[in-house]
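As given, the protein sequences belong to chains R and C, one line each in that order. First residue of the first sequence: 1, per my numbering; consecutive thereafter. First residue of the second sequence: 1, per my numbering; consecutive thereafter.
What the hints contain is simulated information worked out from the structure, not anything from laboratory work. Note that CB positions come from ideal geometry on N, CA and C, so glycine has one too. Please note that a few of the clues may not be correct.
[To be verified] Under 10 Å between C-beta atoms, here's a sample of chain R residues computed to sit facing chain C: (1) GLY39; (2) SER59; (3) GLY69; (4) ASP70; (5) GLN73; (6) ASP77; (7) ARG102; (8) ASP106; (9) ARG130.
Now for the letters of each chain:
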Amino acid sequence: MSYAQTAGHRGATAAVLVVGGGGLAVATWLGGEHGLALGLVVFYALAAAAAYFWSGRDSDVGAILRVGGDERQRRLDLTATAYAGLAMAAAAVIGAMVSAARNHGDIGQYGVICVVGGVAYVLSLAVLKRRS
Amino acid sequence: MKNRVSELRTAAGLSQGELGKALGVSRQTINSIENGRYLPSLPLALAIARNFEASVEDIFIPEGD
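With the hints as extra help, turn the sequences into a complete structure.
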């Protein structure tokens, strides 16, 4: 049944933080910013440790960090993700505007983020609409 | 939407955690349903009704009824 709790894995979010943060740190190191790369390693290691220990607790956030939880917790996660997406979209649009104003109309990488977000939304809507 | 989950759970001598375990949801979700902060999905509402051997309409009552 769709309402039932899914177990999830305690290390799920921690693993994402380790892999994502590790990749970012390696890229930063390769870019020559060694101090910043080491700082990122420490930051993401602490964040992964916090996520791992928090996910062991019997709480809504703990269940969401395990990428599990019941229907209400999954809905909380989905809503929070939607708000985060809106915040990122707003930041990308504002960034594109500022970039265009400063660089003779060039919206730069913010424009790429806007296009990816817009296309992903339209495609998701089309697929989800067909399924429902 | 009002509901009688808390009343029926108490009458059955169950804690929120025990009811949540029986239904496969968290204690926090049972608490949110009882306080009217969360409206369960149809499958969960049916499971709650089945658990108390009642109908969904007996447990979940629209405001104004």
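Contradicted hints - numbers only = 1, 6, 7, 8 and 9
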